[in-house]
Amino acid sequence: SQKIEQNSEALNIQEGKTATLTCNYTNYSPAYLQWYRQDPGRGPVFLLLIRENEKEKRKERLKVTFDTTLKQSLFHITASQPADSATYLCAPSRNNAGNMLTFGGGTRLMVKP
Amino acid sequence: DAGITQSPRHKVTETGTPVTLRCHQTENHRYMYWYRQDPGHGLRLIHYSYGVKDTDKGEVSDGYSVSRSKTEDFLLTLESATSSQTSVYFCASRREDEQFFGPGTRLTVL
Numbered sequence: 001s002q003k004i005e006q007n008s009e010a011l012n013i014q015e016g017k018t019a020t021l022t023c024n025y026t027n028y029s030p031a032y033l034q035w036y037r038q039d040p041g042r043g044p045v046f047l048l049l050i051r052e053n054e055k056e057k058r059k060e061r062l063k064v065t066f067d068t069t070l071k072q073s074l075f076h077i078t079a080s081q082p083a084d085s086a087t088y089l090c091a092p093s094r095n096n097a098g099n100m101l102t103f104g105g106g107t108r109l110m111v112k113p
Numbered sequence: 001d002a003g004i005t006q007s008p009r010h011k012v013t014e015t016g017t018p019v020t021l022r023c024h025q026t027e028n029h030r031y032m033y034w035y036r037q038d039p040g041h042g043l044r045l046i047h048y049s050y051g052v053k054d055t056d057k058g059e060v061s062d063g064y065s066v067s068r069s070k071t072e073d074f075l076l077t078l079e080s081a082t083s084s085q086t087s088v089y090f091c092a093s094r095r096e097d098e099q100f101f102g103p104g105t106r107l108t109v110l
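Protein chains in written order, with the numbering used here: chain A, 1 to 113; chain B, 1 to 110.
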């Protein structure tokens with residue numbers, strides 16, 4: 001069965017450093033992959049989408065890579081800030097008609113001042 | 001925000017009672033989704049809708065039904081609630097490839 005793995009342990013980094021979060025998937029061939037941010041007690045918020053024919057996508061301090069050979073996506077936040085502290089979810093999709101997303105369990109990021 | 005609201009935001013009910021959760025969106029999005037989020041499982045799709053009266057099952061649909069009589073409203077019903085359905089429920093709607101989530105409903109089944 002398809003499996004999406006994100007590091008379930010919290011990632012603690014110092015303000016100003018680059019945070020790198022990993023999303024690995026198996027038994028799955030997504031056409032694209034999305035990253036969402038979720039704050040405690042709130043619904044996820046869309047951040048970035050990267051398609052299978054794209055190696056890298058950037059948006060402000062965010063960068064996402066997508067390696068279909070390694071079956072992995074990396075999510076980077078440069079010059080991290082305490083306000084970046086949240087849980088980050090990856091969600092691959094096969095580009096099916098319903099745009100059904102399968103979410104990973106998320107990685108909690110803590111940025112310390 | 002895409003204007004998605006959920007009601008109620010919190011509910012405590014007893015095993016065996018019916019429960020209906022409501023999702024309302026003001027963006028005229030065609031697609032809407034219901035997810036549940038549990039520790040250790042992440043977000044899992046329950047049902048989704050691709051138009052008025054058009055719905056389909058997701059990954060964990062057993063014990064749930066949905067209805068969509070208007071574009072803006074998507075209802076999730078637990079016909080006979082069980083303790084295993086204690087969870088946080090999120091509704092979402094879709095514009096192009098992006099999903100917009102509501103604030104969630106915390107449901108406790110005693």
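Think of the hints as simulated: they come from the structure by calculation, not from any bench.
A virtual CB, placed ideally from N, CA and C, is assigned to each residue, including glycine.
Just so you know, not all the hints are guaranteed correct.
Stated by the list, open to error - Not the full set, but computed from the structure, chain B residues with beta-carbon under 8 Å of chain A:
no., residue
1, VAL12
2, GLY16
3, VAL19
4, TYR31
5, TYR48
6, GLY51
7, TYR64
8, PHE90
9, GLU98
10, GLN99
11, GLY102
12, PRO103
13, GLY104
Claimed, not checked - What follows is a set of in silico ranges between Cβ atoms, one per label pair, in the way DEER data are often shown:
no., chain 1, residue 1, chain 2, residue 2, range
14, B, LYS53, A, ASN12, 29 to 37 Å
15, B, THR82, A, LYS3, 45 to 53 Å
16, B, ASP56, A, GLU52, 22 to 30 Å
17, A, TYR28, B, THR82, 29 to 37 Å
18, A, HIS76, B, ASP56, 30 to 38 Å
Stated by the list, open to error - Where chain B lies over chain A, by a calculated footprint (3+ residues, C-beta under 8 Å):
no., stretch
19, 40 to 54
20, 104 to 110
Note whether the CB distance of ASP56/B and GLU52/A lies within 22 to 30 Å or breaks it. holds, 24 Å
Let me know if the C-beta of GLU98/B comes in closer than 8 Å to any C-beta of chain A, holds or violated. holds, 5 Å
Check of the stretch 40 to 54 of chain A against chain B for coverage (Cβ-Cβ below 8 Å, three residues minimum): holds (count 7)
Is the hinted range of 30 to 38 Å satisfied by the C-beta distance from HIS76/A to ASP56/B? holds, 35 Å
Honestly, do THR82/B and LYS3/A meet the 45 to 53 Å range at C-beta? Given about 26 Å between the Cβ atoms, the range is violated.
Close enough to count: is the Cβ of GLY16/B nearer than 8 Å to one in chain A? violated, 29 Å
Quick check on VAL12/B please, does its C-beta sit within 8 Å of some C-beta on chain A? Interface hint status for VAL12/B: violated (17 Å vs cutoff 8 Å).
Return the status of the interface hint for PRO103/B: holds when the least beta-carbon distance to chain A is below 8 Å, violated otherwise. Hint on PRO103/B: holds, closest Cβ of chain A at ~6 Å, below 8 Å.
Minimum beta-carbon distance criterion (8 Å), GLN99/B to chain A: holds, 7 Å
Does GLY102/B pass the interface check with chain A, least Cβ-Cβ distance below 8 Å? holds, 6 Å
Quick check on the hint: TYR48/B CB to chain A CB, less than 8 Å? Holds: closest Cβ of chain A sits about 5 Å from TYR48/B, inside 8 Å.
Given coverage of the stretch 104 to 110 of chain A by chain B, checked by CB-CB distance under 8 Å (3 or more): holds (count 3)
Checked against the numbered hints given earlier, this structure breaks hints 1, 2, 3, 6, 7, 14 and 15; the rest are met.
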